[in-house]
Amino acid sequence: DAKTTQPPSMDCAEGRAANLPCNHSTISGNEYVYWYRQIHSQGPQYIIHGLKNNETNEMASLIITEDRKSSTLILPHATLRDTAVYYCIVRQTGANSKLTFGKGITLSVRP
Amino acid sequence: EAGVAQSPRYKIIEKRQSVAFWCNPISGHATLYWYQQILGQGPKLLIQFQNNGVVDDSQLPKDRFSAERLKGVDSTLKIQPAKLEDSAVYLCASSLNRGDEKLFFGSGTQLSVL
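Respectively, the protein sequence lines represent chains A and B. The numbering of the first sequence is the numbering used here, which starts it at 698 and goes up by one. The numbering of the second sequence is the numbering used here, which starts it at 14 and goes up by one.
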């Protein structure tokens with residue numbers, strides 16, 4: 698699977714949008730961009746995934762650039778409970794695909 | 014629906030001892046994963062089961078780690094003998110099937126080897 702690059706940490710104010718960047722310059726055409734997050738002392742939790750179109754669900758929005766070399770996860774109104782490590786993962790489709798985690802980005806939401 | 018259940022939540026052992034972790038996946042999930050997460054790193058896949066068969070154990074240290082999922086439901090991961098570097102959180106996850114978009118993770122077992 699292609700690798701991703703994320704800054705180690707960022708913070709944002711409660712109630713503001715949190716924009717988490719991810720670079721995946723070697724992504725292949727059949728690889729999806731996934732985001733998971735891990736709140737302290739819990740297992741990772743699926744957030745969203747996409748191929749090339751922007752995606753939105755009840756948790757977040759995913760914006761993928763046209764060349765697919767980078768993406769941004771947007772939490773529109775961050776709360777203290779959104780403080781977590783966020784993992785950007787590139788993953789192929791198919792039965793043999795793996796979910797390979799990097800170090801992720803630590804998001805701290807301040808009051 | 015009930016999530017992925019893991020036990021124990023914490024375990025402290027001395028090096029060279031053995032330890033076992035248990036996982037009960039979400040009902041109906043055919044695929045089960047064990048991940049190891051060392052402090053400050055992302056989870057690393059150790060082994061993946063499809064029903065009761067192993068589909069990927071390429072990163073499992075087979076000289077000391079073993080895992081089974083005999084009836085295709087719950088699973089046990091064992092370490093024997095444990096080393097200091099095995100101190101980590103052991104996460105179990107499940108999905109409906111191989112290649113599924115969403116993996117559901119348990120809260121993990123935190124192992125400390127002294």
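Since the hints were made in silico from the structure, they are not lab data. Just so you know, even glycine gets a beta-carbon here, dropped at the ideal spot from N, CA and C. Just so you know, not all the hints are guaranteed correct.
[Said to hold, decoys possible] Cβ-to-Cβ under 7 Å is the rule here; a few derived chain B residues that face chain A: (1) S71; (2) P74; (3) R77; (4) A101; (5) L116; (6) F118; (7) L124.
Results for each hint:
1. S71: Hint on S71(B): violated, closest Cβ of chain A at ~10 Å, above 7 Å.
2. P74: With a minimum Cβ separation of about 18 Å from chain A (threshold 7 Å), the hint on P74(B) is violated.
3. R77: violated (22 Å)
4. A101: Violated, about 13 Å.
5. L116: Interface hint status for L116(B): holds (6 Å vs cutoff 7 Å).
6. F118: holds (3 Å)
7. L124: Violated, because the Cβ-Cβ distance from L124(B) to chain A comes to roughly 14 Å (cut-off 7 Å).
In the structure shown, a violation is registered for the earlier hints numbered 1, 2, 3, 4 and 7, in ascending order.
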